[in-house]
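Asks: Based on the hints, put chain B in the right spot on chain A.
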Amino acid sequence: AQSVSQHNHHVILSEAASLELGCNYSYGGTVNLFWYVQYPGQHLQLLLKYFSGDPLVKGIKGFEAEFIKSKFSFNLRKPSVQWSDTAEYFCAVTPYSGGGADGLTFGKGTHLIIQP
Amino acid sequence: GAGVSQSPRYKVAKRGQDVALRCDPISGHVSLFWYQQALGQGPEFLTYFQNEAQLDKSGLPSDRFFAERPEGSVSTLKIQRTQQEDSAVYLCASSLTQGARYEQYFGPGTRLTVT
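Protein chains in written order, with the working numbering: chain A, 14 to 129; chain B, 8 to 122.
The following block holds chain A by itself, in its conformation from the complex (with noise of 0.2 Å):
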């Protein structure tokens, strides 16, 4: 089975700073790599994916992600960060399926707080 490790419960920064938030997968096979987020008050909601190709995806409001197979990661960055990104983070992963049943598993998330 596949399991999913966060370093980073919390974490603080200031406006302007640069982020990034630590993501790696235990799995022997090929795998769909996700982050949620979800902000004060809101579902969760996709941020951004990897399936293939391009190990540098980009998502909404300016993230990032890199996938490195060789350390099993797949990191979140941004550039500078604002007030209105205080969430709760999530990676999560699923088995390359091609198809089939795709339940997420989840890390713990990281509580991102960004102080003004």
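Only true hints are included.
Below, a list of computed lysine to aspartate or glutamate pairs in the DMTMM-like style, where the Cα atoms sit at most 25 Å apart: (1) A:Lys-84 with A:Glu-33; (2) A:Lys-71 with B:Glu-110; (3) B:Lys-21 with B:Asp-70; (4) A:Lys-62 with B:Glu-51.
None of these hints come from the bench; they were simulated from the model.
Replies: Chain B in isolation, oriented as in the chain A frame:
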């Protein structure tokens, strides 16, 4: 159209009571998922439906948990004889069809507290 909706948003149950949690997926979405999110944790997969067929129930923690989607639209997650460890937020998600390449859209969740 409207997103995924769940009801009730909050539920308090006494230990031993049965509860039923409802999920209305996005209209036309074939796939439906249930997740359980304990406090301070990420969501954990419970079960998956494709239309009315429950294709994966490997994440259901015990035989007290039961899910159904009889007409391939609305789904109900039922928990019998609730225990304190069942306290969590229960999330429902739907996607257009099967396959990870189709985004899962999440509902607001039902927060269950067992006293």
